[in-house]
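A.B. asks: Chain A is already provided as a structure; the job is to place chains B, C and D on it using the hints.
Below, each chain spelled out in residue letters.
4 protein chains.
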Amino acid sequence: MVDDRVRDALRAFVAERDWAQFHTPENLAKSISIEAGELLECFQWGADADPQAVQEELADVLSYCLHLVDALGLDPGDIVLDKLEKTRAKYPVEKARGSSTKYDQL
Amino acid sequence: MVDDRVRDALRAFVAERDWAQFHTPENLAKSISIEAGELLECFQWGADADPQAVQEELADVLSYCLHLVDALGLDPGDIVLDKLEKTRAKYPVEKARGSSTKYDQL
Amino acid sequence: MVDDRVRDALRAFVAERDWAQFHTPENLAKSISIEAGELLECFQWGADADPQAVQEELADVLSYCLHLVDALGLDPGDIVLDKLEKTRAKYPVEKARGSSTKYDQL
Amino acid sequence: MVDDRVRDALRAFVAERDWAQFHTPENLAKSISIEAGELLECFQWGADADPQAVQEELADVLSYCLHLVDALGLDPGDIVLDKLEKTRAKYPVEKARGSSTKYDQL
Numbered sequence: 046m047v048d049d050r051v052r053d054a055l056r057a058f059v060a061e062r063d064w065a066q067f068h069t070p071e072n073l074a075k076s077i078s079i080e081a082g083e084l085l086e087c088f089q090w091g092a093d094a095d096p097q098a099v100q101e102e103l104a105d106v107l108s109y110c111l112h113l114v115d116a117l118g119l120d121p122g123d124i125v126l127d128k129l130e131k132t133r134a135k136y137p138v139e140k141a142r143g144s145s146t147k148y149d150q151l
Numbered sequence: 046m047v048d049d050r051v052r053d054a055l056r057a058f059v060a061e062r063d064w065a066q067f068h069t070p071e072n073l074a075k076s077i078s079i080e081a082g083e084l085l086e087c088f089q090w091g092a093d094a095d096p097q098a099v100q101e102e103l104a105d106v107l108s109y110c111l112h113l114v115d116a117l118g119l120d121p122g123d124i125v126l127d128k129l130e131k132t133r134a135k136y137p138v139e140k141a142r143g144s145s146t147k148y149d150q151l
Numbered sequence: 046m047v048d049d050r051v052r053d054a055l056r057a058f059v060a061e062r063d064w065a066q067f068h069t070p071e072n073l074a075k076s077i078s079i080e081a082g083e084l085l086e087c088f089q090w091g092a093d094a095d096p097q098a099v100q101e102e103l104a105d106v107l108s109y110c111l112h113l114v115d116a117l118g119l120d121p122g123d124i125v126l127d128k129l130e131k132t133r134a135k136y137p138v139e140k141a142r143g144s145s146t147k148y149d150q151l
Numbered sequence: 046m047v048d049d050r051v052r053d054a055l056r057a058f059v060a061e062r063d064w065a066q067f068h069t070p071e072n073l074a075k076s077i078s079i080e081a082g083e084l085l086e087c088f089q090w091g092a093d094a095d096p097q098a099v100q101e102e103l104a105d106v107l108s109y110c111l112h113l114v115d116a117l118g119l120d121p122g123d124i125v126l127d128k129l130e131k132t133r134a135k136y137p138v139e140k141a142r143g144s145s146t147k148y149d150q151l
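Residue numbers (our numbering), protein chains in the order written: chain A, 46 to 151; chain B, 46 to 151; chain C, 46 to 151; chain D, 46 to 151.
Here chain A stands alone, though its shape is the one from the complex:
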C-alpha cells in the first residue's frame, strides 16, 4: 500500500537533503523517463530479467511518480481511478475484450 507513511518518508528524505529546489515538475518528469529507461534496460535483449534489478528500478520510477504527485498536491489513488474511468470509455469491454488494438483503431 502507498499510504501517508510512504508519502511522509519520501518528503522527509527530500527535506533532510534540501532537495526540494531540484524537484520542479519538469525535473521530476525527466527523472521518471530516466528511471523508466533503467527499468526497460532489465529487458533490453529479451523477456528474461533479474528480479532484484527489476524491483529496484520499478521502485525508482514509482518513487519519482510519488514525488511528482505530491509536488502537484494530488493523491495517487484518486488520479489513477479518475484516469481509469476515462480509459473505460475508450475501451468498452464488448469492443476491446481480448484485443491489444489501440482505441483509435477499435
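In silico BS3-like pairs for lysine-lysine, Cα to Cα no more than 27 Å straight-line: (1) B:K135 - B:K147; (2) B:K147 - D:K131; (3) A:K147 - C:K135; (4) C:K128 - A:K147.
These are calculated hints, taken from the structure and not from any lab test.
C.D. replies: Relative to the frame of chain A, chains B, C and D by itself:
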C-alpha cells in the same frame, strides 16, 4: 492513497477485457517508458505545462507501475521504502545536502 | 556525415561479435529508448550538462538508430527527408512561425 | 546517407519557422526521449509492428538527434565512430562474442 481498492479496480479492468495475456513484465516495462515519454511531452519546450494533461499522463505511468508491481507479486509501498533505505546509504545527508551531484561523484 | 564507412563499421562491429541475433527491431527500439534516457540524464536537474557525456550518450542513441535503419533496409537520410515533407505539411510556416504549439492545436 | 543536403534541409526547416529558440540542447534531449517512446509504442504489445509507423517514428528520433548534433557543432559520423572505439574496448571480441551480457559483467 494507493490501497486495495485501487489495486482491485486495476485488476478488474484488466480481467474484464481479458488483457492479462498482454501484461507480461516486459510489455509493462515498455508501457511505463511509453507513458513516461507522453508525460515528458507536456514539458517538451519548457517548464510551462497544462496541469490536466500532466495529471492524466502521470496517472498512466502510475497505473502501469501498479500493474507491474502486482504482476510481480509485490507491494508498492514496501518496494519504495526498501529502495529508500538503499538510496539513503548512497546519499548521506552530510555529503548530499543541497547538492544534485550523483552519488558516484560525491 | 553518416555514409557507407559508418554503416560498414557498425555492421562489422556487430558481425565480429555475433550480435545480429540480439538486434531484432523490437530490441533495437528498446535500446534507443534506453540510451535516450541516458542522454536525458545529462540534463536531469537542469540545462547545464557535461559536453563529453552528452556527446557519448548522443552517439549511443544515433548508433542504435543507425543499426535499426540498416536492419530495416532503409537509408537514414532518405527517411529523414521523407518525414520532413510530412512535418512541413503539419506545420505551415504562416501558422507555425515562432510558435512551439503542437500541430493539432495550431 | 546523412550528408550536408540532409543537414541543410533540417536547418532550413527550423530557420523558416523561427524555431531555433526552442532547440536548446535540453529541449532536444527531451524531444529525443519523447520520440523514442513513440517508436517503442509500435512494439508495445509484441514484436509485430506496422513498418510505416516504425519508419516514421524512427525518422523523428533521427531528426532530433541530427538537430542536437548540429546544435553542438558536431559531425554525426565522427561521434558514432569515436564512440565505437570506446565500445570496442569494453566488449573485446574474445569475451563478448555471442553474448548479450553487459560489459561490467563480462
